[in-house]
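Undergrad: So you can see what is in the structure, the chains are spelled out below.
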Amino acid sequence: EAQVTQNPRYLITVTGKKLTVTCSQNMNHEYMSWYRQDPGLGLRQIYYSMNVEVTDKGDVPEGYKVSRKEKRNFPLILESPSPNQTSLYFCASSPRTEDYGYTFGSGTRLTVV
Amino acid sequence: QKEVEQNSGPLSVPEGAIASLNCTYSDRGSQSFFWYRQYSGKSPELIMFIYSNGDKEDGRFTAQLNKASQYVSLLIRDSQPSDSATYLCAVKGLEYGNKLVFGAGTILRVKS
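As they're listed, the protein sequences go chains H and C. Numbered per my numbering, the first sequence finishes at 113, counting up by one with no gaps. Numbered per my numbering, the second sequence finishes at 225, counting up by one with no gaps.
Careful, some of the hints might be misleading.
What the hints assert, rightly or not - Simulated crosslink set (EDC-like; lysine to aspartate or glutamate; CA at most 20 Å straight-line):
hint, chain 1, residue 1, chain 2, residue 2
1, C, 212, H, 98
2, C, 180, H, 99
3, C, 155, H, 62
4, C, 155, H, 1
5, C, 180, C, 208
6, H, 57, C, 208
7, C, 212, H, 56
8, C, 169, H, 1
9, C, 169, C, 196
10, C, 212, H, 99
11, C, 212, H, 62
12, C, 180, C, 116
Stated by the list, open to error - Chain C is faced by these chain H residues, among others (derived, beta-carbon under 8 Å):
hint, residue
13, 10
14, 43
15, 53
16, 63
17, 64
18, 106
Said to hold, decoys possible - Now the stretches of chain C that chain H is said to cover, found in silico as 3 or more residues with beta-carbon under 8 Å:
hint, stretch
19, 150-159
20, 212-224
Hints listed in this document are in silico derivations from the structure and should not be mistaken for laboratory results. The beta-carbon is built from N, C-alpha and C at its ideal position, and this holds for glycine as well.
Start from the sequences, fold in the hints, and give me the full structure.
TA: So this is what it looks like as structure tokens:
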């Protein structure tokens with residue numbers, strides 16, 4: 001089944017403790033993105049990647065890191081999480097560009113206390 | 114300033130009626146327009162995309178694009194309770210750094 005797999009689905013952590021949210025797609029998509037979704041603000045892009053080893057900042061990159069060492073994987077790293085990073089996170093992939101439409105992962109609900 | 118606006122709703126329609134969801138955008142040069150559906154607690158899923166002025170139909174869904182007036186609409190005919198969800202409009206344009214910008218979404222409730 002074609003899908004984007006994110007883990008974990010739920011995560012509660014403490015301020016400052018480094019964490020990684022994994023994302024993997026099995027569709028051979030070139031384009032991958034991370035979004036956060038907050039009530040009333042919609043989906044906001046954190047980082048995106050156009051292909052292996054090519055990443056760039058989205059609208060809200062502060063406090064996040066990403067890497068794209070393999071085509072299928074695009075992990076999101078929070079080096080020192082803070083409470084304002086409490087949110088619902090989605091990984092998404094698209095065949096080449098955003099114009100083809102995204103397939104989203106099932107989401108990771110992160111709470112930082 | 115990036116701006117894709119949607120009425121947050123909720124928009125309530127009776128079963129069998131036509132639901133009309135609207136989205137306005139600020140970038141006159143926008144080229145790509147998308148509608149995503151998001152059920153409560155789930156991830157967004159692509160239901161329609163449109164690039165040209167006019168209407169595009171897919172089953173019970175019709176996307177309508179009017180670039181001169183800078184709006185894109187989604188019509189859902191014969192609405193069903195299973196259509197109850199949040200509908201996200203997304204627009205890609207040069208003013209937005211040639212990136213996709215999402216609206217905050219409209220909640221649709223279809224009552225049986």
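Undergrad: Run the structure past the numbered hints and jot down the numbers of the failing ones, going up.
TA: Numbers 3, 8, 13, 15, 16 and 17, in rising order.
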